[in-house]
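The chain contents come next:
There are 2 protein chains.
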Amino acid sequence: MKTLAALVFPEFQTLDLFGPLEMFGDLDDEIEVTVVAEKAEPVVSRHGQYISVDKTLSQSSTYDLILIPGGRGTPVENKNSAINDWIIEAEKHAQFIMAVCTGGALLATTGLLDGRRATTNKQDFIWSKPFGPCVDWVTQARWVKDGKFYTSSGVSAGIDMSLAVISSLFGNETAEKIALETEYDWHRDPDWDPFAKHHGLV
Amino acid sequence: MKTLAALVFPEFQTLDLFGPLEMFGDLDDEIEVTVVAEKAEPVVSRHGQYISVDKTLSQSSTYDLILIPGGRGTPVENKNSAINDWIIEAEKHAQFIMAVCTGGALLATTGLLDGRRATTNKQDFIWSKPFGPCVDWVTQARWVKDGKFYTSSGVSAGIDMSLAVISSLFGNETAEKIALETEYDWHRDPDWDPFAKHHGLV
Numbered sequence: 001m002k003t004l005a006a007l008v009f010p011e012f013q014t015l016d017l018f019g020p021l022e023m024f025g026d027l028d029d030e031i032e033v034t035v036v037a038e039k040a041e042p043v044v045s046r047h048g049q050y051i052s053v054d055k056t057l058s059q060s061s062t063y064d065l066i067l068i069p070g071g072r073g074t075p076v077e078n079k080n081s082a083i084n085d086w087i088i089e090a091e092k093h094a095q096f097i098m099a100v101c102t103g104g105a106l107l108a109t110t111g112l113l114d115g116r117r118a119t120t121n122k123q124d125f126i127w128s129k130p131f132g133p134c135v136d137w138v139t140q141a142r143w144v145k146d147g148k149f150y151t152s153s154g155v156s157a158g159i160d161m162s163l164a165v166i167s168s169l170f171g172n173e174t175a176e177k178i179a180l181e182t183e184y185d186w187h188r189d190p191d192w193d194p195f196a197k198h199h200g201l202v
Numbered sequence: 203m204k205t206l207a208a209l210v211f212p213e214f215q216t217l218d219l220f221g222p223l224e225m226f227g228d229l230d231d232e233i234e235v236t237v238v239a240e241k242a243e244p245v246v247s248r249h250g251q252y253i254s255v256d257k258t259l260s261q262s263s264t265y266d267l268i269l270i271p272g273g274r275g276t277p278v279e280n281k282n283s284a285i286n287d288w289i290i291e292a293e294k295h296a297q298f299i300m301a302v303c304t305g306g307a308l309l310a311t312t313g314l315l316d317g318r319r320a321t322t323n324k325q326d327f328i329w330s331k332p333f334g335p336c337v338d339w340v341t342q343a344r345w346v347k348d349g350k351f352y353t354s355s356g357v358s359a360g361i362d363m364s365l366a367v368i369s370s371l372f373g374n375e376t377a378e379k380i381a382l383e384t385e386y387d388w389h390r391d392p393d394w395d396p397f398a399k400h401h402g403l404v
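So the protein lines, in turn, are chains A and B. Counted from 1, the first sequence has number 26 at position 26 by the numbering used here; the numbering is strictly sequential. Plus 202 on top of the position in the second sequence (first one is 1) and you've got the numbering used here.
Treat the hints as calculated values from the structure; they're not laboratory data. Ideal Cβ placement from N, Cα and C applies to all residues, glycine included. Incorrect hints may have been included.
Below, computed lysine-lysine pairings styled on BS3-like, alpha-carbon distance capped at 27 angstroms [unchecked claim]:
| hint | chain 1 | residue 1 | chain 2 | residue 2 |
| --- | --- | --- | --- | --- |
| 1 | A | K92 | A | K79 |
| 2 | A | K177 | B | K257 |
| 3 | B | K399 | A | K39 |
| 4 | A | K197 | B | K379 |
| 5 | A | K55 | B | K241 |
Example chain A residues on the side facing chain B (calculated, C-beta under 8 angstroms, incomplete) [stated by the list, open to error]:
| hint | residue |
| --- | --- |
| 6 | G25 |
| 7 | P42 |
| 8 | G48 |
| 9 | I51 |
| 10 | T56 |
| 11 | Q123 |
| 12 | P133 |
| 13 | A157 |
| 14 | L180 |
| 15 | E183 |
| 16 | F195 |
| 17 | H198 |
Please build the complete structure, drawing on both the sequences and the hints.
The structure is reproduced here in structure tokens:
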């Protein structure tokens, strides 16, 4: 059984979190999902829904998989040291760390992506880059894998990245089965990214 | 300002709900989303996350838009009369009623789809049909519109349907803008459905 910590903070982007959780959640015999946050109270999404917290950050930083959503609540401009320190601790144990959308900017602020390739939301790409001045930002990619770090483009791209992680962990047949069951048109190519061009990045 | 009631019940399918809420939620100047359930306590999704309830069914059935997810918790085999009666009441006021995945089977049990065209999850298509013996079930469709009723195929199909509803309510430019912002590869054709063939329905 693998453990997955899904980090939430006020105004996290709804689909950044729940797209991946739909995919990983289908493997409930293989993966135990824990929603983690700084405080124990329910946390509001960007779209106003409140989600319960299973464990606070201080309770554990030991998980196999870490999922970091983005969204307008992403604590990057006013750095949240509790969240930053937790990510740095969690990285030591984690097999894979995944960041969706501007969650990549948050991950970059920890320094863990320094010298690594990563991507982020394409609409907010220029805004995101300064949070990781030593990151090799990839302008055109649905998602990027570098070592244990997976970073995806904006919002729905997290679903494609999650299926790639599932394929890597449990085999391609398992990932294809989940895509089929969720009737999801999985973009299997990490370089597929029409949105980069739209935002003038290529 | 339009109002949208998102119905939840224990073990609703995560993406059936949060895919559409990501799309409608981006219009927070135009649409007010209310999570509704039979009881006031937080409701667990199919994948173990608890979501807070804004209003109980008995508090109101007057909303412009109704969203009904599916999932293995869909109360169809053991009919839930509180939910059934609420849908029948809500339909009288609603401009559009949307059902995602096996939420279509739930909507069918109310009789409101009798004599109408509708679709549902393709993997569970044969299982769903008897819940609406007088429904004209469409075997190959991403989503189907008949009058005020929109029904979609499984899980991720709800996102495509939601964008079609947004296009109808607020114009195509608005729907395209949301698809772009969420970096979502919107299937604009309601007849696009490779999953029907996979499940031997065509």
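Earlier hints that do not hold, by number: 2, 3, 10, 12
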